Amino acid sequence: MTSIAKPPVRHPGLRKNAIGFTQRDYEGAMSTLCAGCGHDSVTAALVQACWELDLPPHRAAKMSGIGCSSKTTAYFMKQSHGFNSVHGRMPSVTSGANAANRGLTYIGISGDGDSLSIGLGQLCHAIRRNVRMLYVIDNNGVYGLTKGQFSASADIGSTSKKGEANVQPPIDPVLLALTLGVTFVARSFSGDKAQLIPILKAGLSHNGLALVDIISPCVTFNDHDGSTKSYKFTREHDVEISTADFVPLRHEIRAPETDSAVNVVTMHDGSVVRFRKTHEGYNPTDRESAYAHVRACQQRHEVATGLLFIDESGSDMHAVSRTVPTPLVDLTHHELCPGNAALQSLMEKYR
Amino acid sequence: MSGVNDFAFKMATVNGTGSASANSLLMQAIFRMGIPVTGKNLFPSNIQGLPTFYEIRVSKDGYTARPSEIDLVVTLNPSTYAKDVASVTPGGYLLYDSSWPLEPELVREGVTIRGIPFGKMCVDNFVRDRDRTLLRNIVYAGALAAFLKIDMDIVSQMLVEKFSKKKALFDANNTAIKLGYDYASNNYQCPLPFHLEQMDETKDSIIIDGNTSAALGAVYAGATVGAWYPITPSTSLMEAFTMFCRKFRTDPETGLGKYCILQAEDELSAAGIAIGAGWAGARAFTNTSGPGISLMQEFIGLAYYTEIPAVFYDIQRTGPSTGMPTRTQQADLLSLAYASHGDTKHIVLFPCSPEECFYMSPMAFDLADRFQTPVFVASDLDIGMNDWMCRRLTWDDAYVPDRGKCLTAADLESVKKFSRYLDAEGDGIAARSLPGVHGNGAYFVRGSGHDKHGMYTEDSDSYQEVVDRLARKFKLAATKVPAPEFHRVANADVGIVSLGGCHAAILEALDKMKALGINADYMRIRAFPFDTPVREFLDAHQTIFVVEQNRDAQLRSLLAIETGKPRDDMISVLDYGGMPLTARVVVSAVTATLTPAG
Ligand SMILES: Cc1ncc(C[n+]2csc(CCOP(=O)(O)OP(=O)(O)O)c2C)c(N)n1
Ligand code: SF4
Ligand SMILES: [Mg+2]
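Order-wise, the sequence lines are chains A and B. Letter 38 of the first sequence, counting from 1, is numbered 38 in the numbering used here, and no numbers are missing. Heads up: take any position in the second sequence, counting from 1, add 1000, and you land on the numbering used here.
For the record, the hints were derived by calculation from the structure and aren't laboratory data. All of these numbers come straight from a predicted model, not from anything done at the bench. Built from N, CA and C at the ideal position, the CB exists for glycine as well. Misleading hints may appear alongside valid ones.
What the hints assert, rightly or not - List time: in silico SDA-like cross-link candidates among lysine to any residue, alpha-carbon distance up to 20 Å:
id : chain 1 : residue 1 : chain 2 : residue 2
1  : A       : Lys349    : B       : Lys1247
2  : B       : Lys1247   : A       : Met347
3  : B       : Lys1416   : A       : Arg24
4  : A       : Lys78     : B       : Lys1417
To be verified - Here are some chain B residues pointing at chain A (derived, C-beta under 8 Å):
id : residue
5  : Ile1207
6  : Glu1265
7  : Ala1277
8  : Trp1279
All chains should be built: construct the whole structure from the sequences, respecting the hints.
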């Protein structure tokens, strides 16, 4: 399954973004996933989101663990560094990279096995640390790469391809993240680009960890009738709380802010997220109601989607650590080394 | 052997009762008298209530190894009375708390007993329970000052320095010191036959532990990211790094620091953070001990294969498993050298003292950057946590970090196709590019099979090309890591090989053996992998002793595996009970082998 580089085809007519890149410039190597895999749709949404955000590709870093989902970091933004680490450990590697260079945009891609089983601890602690990153879980309810075992997000009663039913309760990353104090959490569906792209853009602009749980069906092992992570099930049970609309800083805000149906959240860099409510009384800045809503949907066998909670006032890892604004990698040795004179006066303390 | 400025004494107390400050007061006072001194804290893995010991060795000749004999013991813990008495050398002394009747267990032929009512004096002079407990330690320090002739002016000066801002504490400590001093002087012949006399041998020295000096070395090396999970005996390394970063790297106005220290959720994460930061271009490290090294295995292999620099301080403790967390050992040698699954080999440095912990820190970061690989600093509990006397540390302000082959934006500007693992210069080291620098340097780190361009591969030749280059890189590293330290004598009968914290005891043993007519050459291994001089030394001696602190002769195995010298041609001297090595262990093992039993 060697990834094949695409021949460079020029499309002079392709539209360029503000920094002169076409959408094609945000693509990567050819995907080696199964045809129809939800993960490829997520990749496509990411390509568009990054292009629309005018993100300089070389200033982004794509981080992942191991799994079909984690492979997808090779399939977008070929001009960005990528780090395909070890199973379940993407969050720690991203924490370290971000500690060293806070100037980059970190895009973490993980799977439900990667983040909810082997890497559950790392996910939880990255949330607590509030590492500034977009954290995508391509959630298909199975271990795709190891051929279809149940993952920790499989619902009770959900059946495998061979027909056996899952008996253990699922871990819902959204509920988990809300209890852990996440400052941005959303859920979407790989098949719903219109909803997904604004969410990804808002997540990429969030000043902290932005968790996006994306139901992303595995067509090979988990897209049959008994599955609750199939295209069919998700389409039929999706409950969208609000249409989120992301407006980056540089773009003019056109909708009237007085519109009472629109809830506006301003992000740390001045960008805004506008929620057009479809669900009565939903407040995306209130953790308790977000939790209650997701639980209520769950009990009705519905999947709550949309940008479910956002808190732009939280402190990210660097604010908590009280790190200088300059990325640590940009500091010279001269700025870091106290020198011999300081050492000699220190030595007096050890006498 | 004991005499003026040449003896050892020991305090046997209960942990959690505050004896540490009294012990370091004593040690520092002796140091300030210009007399070479070392302290060994032999403490339990517990917070309060278990036996703890502190040994202080005074050596006019500058020996810093754990003493082979104890001349005086202060026994304040009834539960260890029997052992304490047994540990005193014949002709030695025992100091006990005579507030209570003398226990028959404490009486031993040939050991002189001195009773001092520490507890009673504290009850009579101090009101609060806490003071009565804590100051008992200061009272015994005062008594020892009288018995050993510690300069009281120095002691008073130290109390002034320590409690300059706390008058009440100063007064209490001053009273306590005098109580002990006066009681001993008024009731017994002072000083004892072995005692202290002013010298001038410590003015260029300091007293420091290896974790503090390693952390200081990391600061000077320019490390900016530290990740860790608490574990004895490595915790104090990150605590010291934090302290030094606050002192040297924090803007007094903004309070913002030029460092990022993350206490991770476990050692897997700590390793991941260090590797992520190393990949992003920072000098990053993690500090841990055996159990943590076990957890980090998968990540270590990733960093090795994807060629990411990071420094791992392993402050070894007694294994296997949880083992004895507060006892020392050198039993991680093999697990460090070949850490992780698959064909892996790593650079490991073996500091022998706190002094070397400092100097090996920048070396470790330089080697990690230059060879783009994890580098281990294998210290141990004895080096890391005990107070060693060593030479004052100095720093060369001309030092420039060796960041290895790291492409700049200008380098990358003209690059058409960046191949991350291409051996362009034929030395086995490929140039790396850091994220965020230039789009032309983008590549995909993968722990899965990759070819020299960094692309995924399952092709045998492409795979082998990369791992063969890694082997070449490792060979080159053998010539760039710190070379062994050789001590040679004329007409050597035997060769001794050792490493790390054994060094002090070996140096002392060499002198002792010389007095017995045994001439020994000594090679102190300072790093893995080994270069040719290591094998040459092994071949140049008919009899080779390999001295190390583990059960399975791991250094000897490493020597055999890597140099080809037959394992059974080297005689092992093993000391693995968890205590720092003494010269006596080495001398007896060597003499026993050389002198045919008869
Ligand atoms: C330590 C370790 N254990 C097991 C594996 C095998 N493994 C590879 S991917 C995977 C599961 C991936 O599941 P998920 O994260 O849900 O990704 P998906 O393939 O479903 O997208 C497992 C168990 C591994 N790579 N490493
Ligand atoms: S196995 Fe499933 S998750 Fe993996 S690529 Fe195929 S469809 Fe996608
Ligand atoms: Mg999955």
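TODO: Check each numbered hint against the structure and report the violated ones by number, ascending.
DONE: none
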